[in-house]
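K.L.:
The chain contents come next:
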Amino acid sequence: MTAADDGLDFSRVGIWLNDPANWWGQNGLLVHLREHVYYTLIAVVIAMIIALPLGLLIGHTGRGVVLVAGLANGLRAVPTLGAIVLLVLWLSPKIHWDVTVPALVPAGAMPYFITVQIVLVILAVPPILANTYAGVRNVDPAVRDAAKGMGMTGVQVVRKVEFPNALPLIMSGIRSATLQVIATATVAAYAPFLGGLGRLILDANDQITNPHTGYPAMVSAGIVVALLAIVADFVLIGLQRLIVSRGVSGRFSRRATSAVPVAEVQLAQA
Amino acid sequence: MKRTYLFAGTLLASALALAACGSSGSSNETTPPAGGGSTPSTSAPATETGLPAGPGSITVGSAGFTENVLLADIYGDAMSAKGVKVSKHTNIGERPIYLKALNDGSIDFIPEYSGSILAYLDTSATAKTPQDVEAALKQKLDSKLEALPYSPAQDSDTITVTQATATKYNLKSIGDLVSVASKLTLGAPAQFKTRADGVPALKSVYGVTFGRFTPLAAGGAITVTALKNGTIDAADIFSTDSAIAKNGFVTLTDPKSMFAAQNIVPIFNKAKLTQPMADACNAVSAKLDTKTLADLVAKVGTGDPDKVAKTWLASVGLG
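One line per chain: the protein sequences are A and B, in this order. Residue numbers are given in the working numbering: position 176 of the first sequence equals residue 176, and the series is strictly consecutive. Residue numbers are given in the working numbering: position 86 of the second sequence equals residue 356, and the series is strictly consecutive.
These aren't lab readings, by the way, just hints derived from the structure by calculation. There may be inaccurate statements among the hints.
[Stated by the list, open to error] Subject to a maximum C-alpha distance of 35 Å in a straight line, what follows is the list of computed DSBU-like cross-link-like pairs (lysine-lysine):
#1 B:Lys577 to B:Lys526
#2 B:Lys453 to B:Lys580
#3 B:Lys569 to A:Lys94
#4 B:Lys370 to A:Lys94
#5 B:Lys542 to B:Lys370
#6 B:Lys580 to A:Lys94
#7 A:Lys94 to B:Lys410
#8 B:Lys414 to B:Lys516
#9 B:Lys526 to A:Lys94
#10 B:Lys414 to A:Lys94
#11 B:Lys453 to A:Lys94
#12 A:Lys94 to B:Lys498
Given the structure is predicted, the values throughout are model-derived calculations rather than measurements.
In isolation and in its complexed conformation, chain A is listed as follows (with noise of 0.2 Å):
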């Protein structure tokens, strides 16, 4: 076997990526870039659940910043794939439950898939709960204290001033939550019948040089994994523009901004 025609020539990507049967078959990219989406949906959604609610309460309250926010920074350096091995080995076969998902959870994979889930989600909650609790903390006291003031109660603080004003901060622990996630939910491939666009690139480890399983599906698969980053951080980037209130993002359009000196002038007038 010569260097040049080992499998391993960036050109044999290109030639992969224009077969159709690449794209639509039944171990093609599509099939496996819809779970791998769904993995992640699935795993930002939970630890947006449990992240969330904790960060505010925490932020609040100013208690037990040390304890969650030192046990989420823990987490943090969980390593993905040794967790995955070690619950794929010691969890999932105490999970009898098995369940069909059509088009996410094939049969008997259940036990796994909550395995995998488990691990993205101690993934994606130290992001999220980290900056929940910093964009409550970093919220201006005299906001706060004015909305006491108003007589507002705790909850209408967290819901009408607290939230809004960390919504940047928390919109950016989402975003790299999920970024994280759609990265590493390649390791679900691990666990049998699993998928993900993991699938392609752990399948190829065992045959490089093959020219349909190989190299060029492992090179795709990765450039999909990449390009999916990047797709879902302008989607996110998007919604943030969305949902944060313009008093607190500053993003007034050109006419809004030219009145506020108008405002100002006439006040100073007075």
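Following the hints, complete the assembly by docking chain B onto the known chain A.
P.N.:
Chain B only, in chain A's frame:
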């Protein structure tokens, strides 16, 4: 700019340091026991096999996985016990790399697997039985190299099931799966799905088609767990995997030789081979069988292969 050079230089230096660590950590000099023998002289009398009678000296190499390092230690230590001056350079890496080292004389010996080395040298090889593989290998091997007679020990792919599955469907050989396989799931390395002696051979040799296939690392812990808890019904596990005995798995026999034989075969640089080396290696090969090798690999675990090798050699009188 200066800083860039400095940085690159530091990187290079640390890479070299690491590489040095790697090689110094894995190679060591084993001196023969006192009175073992003198250095070979070119005038040493030749034996009836045409090999020099002096013990000679040899550099033993191995591939980069535990079992192969252990085999290199076993053969190396056995030769050392016969007075051969043995130095070791184990953990070299994969086949293309250590074969290159064998050809350029960096190493003179490697323990190989007959079917795998044949398939590497001849991608269209069809030999399956131990004898056929040996005959084909002798033809394909570089004339500078010499394959000694193979050991009965094999590290081959197997189709393995749990005792419960074997009892339930009365399975003894792979062919017995023919009527039930459609209900069963096979877990095997991803390449098993397409390679000639994988799923296609299951169908063409035995008419067996599994209902499902899931890619899993060969012989990995996940494969064993998945087989044990019934996630998969059959798995491709290497015959020297200690998990087979430990979990009471049943390895289905392969009477029609779907998998090529993978006997352990010592490969030598012809120029370095001496009669004491051949005698030592043949004695080891004769004592080694698949079960013994599996036990020894299990004993090594993450420990020192050389210690396990020496203990075993002493126990069979070759140390």
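K.L.:
Hint by hint, say whether it matches the structure.
P.N.:
Checked hints:
1. Distance check on the hinted pair: Lys577 of chain B and Lys526 of chain B sit about 38 Å apart at the alpha-carbon level, beyond 35 Å; violated.
2. This hinted pair does not check out: Lys453 of chain B and Lys580 of chain B have alpha carbons roughly 47 Å apart, beyond 35 Å.
3. Using a Cα cut-off of 35 Å, the hinted pair Lys569 of chain B and Lys94 of chain A holds, with the two alpha carbons roughly 29 Å apart.
4. Proposed proximity of Lys370 of chain B and Lys94 of chain A is contradicted: the alpha carbons are some 48 Å apart, above 35 Å.
5. Using a Cα cut-off of 35 Å, the hinted pair Lys542 of chain B and Lys370 of chain B holds, with the two alpha carbons roughly 17 Å apart.
6. A C-alpha spacing of about 41 Å is found between Lys580 of chain B and Lys94 of chain A, which places the hinted pair above 35 Å, so the restraint is violated.
7. In summary, the hint linking Lys94 of chain A to Lys410 of chain B is not supported, as the alpha carbons are separated by about 51 Å, beyond the 35 Å threshold.
8. A distance of roughly 42 Å separates the Cα atoms of Lys414 of chain B and Lys516 of chain B; the hinted pair therefore is violated under the 35 Å criterion.
9. At most 35 Å may separate the alpha-carbon atoms for a hinted pair to count; Lys526 of chain B and Lys94 of chain A exceed this at roughly 38 Å.
10. Of the pairs offered as hints, the one joining Lys414 of chain B and Lys94 of chain A is violated, with about 56 Å between alpha carbons and a cut-off of 35 Å exceeded.
11. With a C-alpha separation of about 23 Å, the suggested pairing of Lys453 of chain B with Lys94 of chain A holds against the 35 Å cut-off.
12. Taking the CA atoms of Lys94 of chain A and Lys498 of chain B, the gap is near 12 Å; set against the 35 Å cutoff, the hint holds.
Comparing the model with each numbered hint stated earlier shows that hints 1, 2, 4, 6, 7, 8, 9, 10 do not hold.
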